[in-house]
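**Q** Sequence:
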Amino acid sequence: MKRLGVRFYRRDTLAVARDLLGRVLCRRLHDGSVLRGRLLEVEAYDGPSDQASHARRGPTLRNAPMYEAGGVAYVYLVYGMHHCLNLVTGKKGYPAAVLVRAAESPDGKSPAAGPGRLTRAFRIDRALDGASLLGPDLWLEEGEPFPDDRVRRTPRIGVDYAGAWARKPYRYVVSGRESATWGLPPHARLTPGRTSSRR
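Per this note's numbering, the very first residue in the sequence shown carries number 76; after that it's consecutive.
The hints are simulated quantities; they were obtained by calculation from the structure and are not laboratory data. Take the hints with a grain of salt, since some may be wrong.
Said to hold, decoys possible - Derived DSSO-like pairs (lysine-lysine); straight-line CA-CA distance at most 30 Å:
(1) Lys77 with Lys184
(2) Lys167 with Lys77
(3) Lys77 with Lys166
To be verified - Each pair of labels, with its calculated beta carbon distance range:
(4) Ser250 with Gly107: 35 to 41 Å
(5) Ala239 with Asp87: 15 to 21 Å
(6) Ser250 with Ser185: 27 to 33 Å
(7) Asp200 with Asp87: 25 to 31 Å
(8) Ser207 with Met76: 16 to 22 Å
(9) Arg198 with Gln126: 18 to 24 Å
(10) Arg227 with Met76: 40 to 46 Å
(11) Lys184 with Arg85: 31 to 37 Å
(12) Glu219 with Arg82: 15 to 21 Å
(13) Leu104 with Lys77: 17 to 23 Å
(14) Arg242 with Arg198: 33 to 39 Å
(15) Gly133 with Gly183: 28 to 34 Å
(16) Arg228 with Asp200: 17 to 23 Å
(17) Ser250 with Gln126: 15 to 21 Å
Treat the numbers as computed from the prediction; the structure is a model and nothing was measured. Backbone N, C-alpha and C define an ideal beta-carbon position, used for all residues, glycine too.
Could you build all of it, start to finish, from the sequences and the hints given here?
**A** Right, dumping it as structure tokens:
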């Protein structure tokens, strides 16, 4: 299956988020085997004005990958135990990324649903922070994108603190899953705007 190239990521963040549904997340392990799963749910975080984004307070050592040109991973840890995978989008210097919330499970069973559960299923941790999405260890393939009538847009999860930005319909989810909140207990439903420690 053909890999997605750099041009896919270096576009408007919302366009990338929508187009990610149905694409195949791929993770190569140390033994050479590859885990694959079709993306089912994502959330967009678009620029320094987005009050739900890690970039809302400017660049830091932690969020540095968000300022790179689209096509790298931004992986962070919440509550000291849950990794979250984001795909950086757009032009260099403009902090934007898409949080991957759910995908088909690599083992073919129930979906890897929720940011923390997804990264565990795909064995993704901070060792991949800043890694190229065109590299040997982590990439996406074209897959089978979902048609518009299968996709819903909703506000993002767990960003009530973000004011008007909390109401932005920046969450994209395959129809039939719009009421689900997966992967973390209610008190830990985190996004790129909320972490275990204040910045």
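**Q** It remains to establish, for every hint, whether it holds in the given structure.
**A** The hints, checked one at a time:
no.: 1; hint: Lys77 with Lys184; verdict: 24 Å, holds
no.: 2; hint: Lys167 with Lys77; verdict: 25 Å, holds
no.: 3; hint: Lys77 with Lys166; verdict: 23 Å, holds
no.: 4; hint: Ser250 with Gly107: 35 to 41 Å; verdict: 36 Å, holds
no.: 5; hint: Ala239 with Asp87: 15 to 21 Å; verdict: 20 Å, holds
no.: 6; hint: Ser250 with Ser185: 27 to 33 Å; verdict: 18 Å, violated
no.: 7; hint: Asp200 with Asp87: 25 to 31 Å; verdict: 29 Å, holds
no.: 8; hint: Ser207 with Met76: 16 to 22 Å; verdict: 18 Å, holds
no.: 9; hint: Arg198 with Gln126: 18 to 24 Å; verdict: 32 Å, violated
no.: 10; hint: Arg227 with Met76: 40 to 46 Å; verdict: 26 Å, violated
no.: 11; hint: Lys184 with Arg85: 31 to 37 Å; verdict: 34 Å, holds
no.: 12; hint: Glu219 with Arg82: 15 to 21 Å; verdict: 20 Å, holds
no.: 13; hint: Leu104 with Lys77: 17 to 23 Å; verdict: 21 Å, holds
no.: 14; hint: Arg242 with Arg198: 33 to 39 Å; verdict: 35 Å, holds
no.: 15; hint: Gly133 with Gly183: 28 to 34 Å; verdict: 43 Å, violated
no.: 16; hint: Arg228 with Asp200: 17 to 23 Å; verdict: 30 Å, violated
no.: 17; hint: Ser250 with Gln126: 15 to 21 Å; verdict: 28 Å, violated
This entry does not satisfy hints 6, 9, 10, 15, 16 and 17, going by the numbered hints stated previously.
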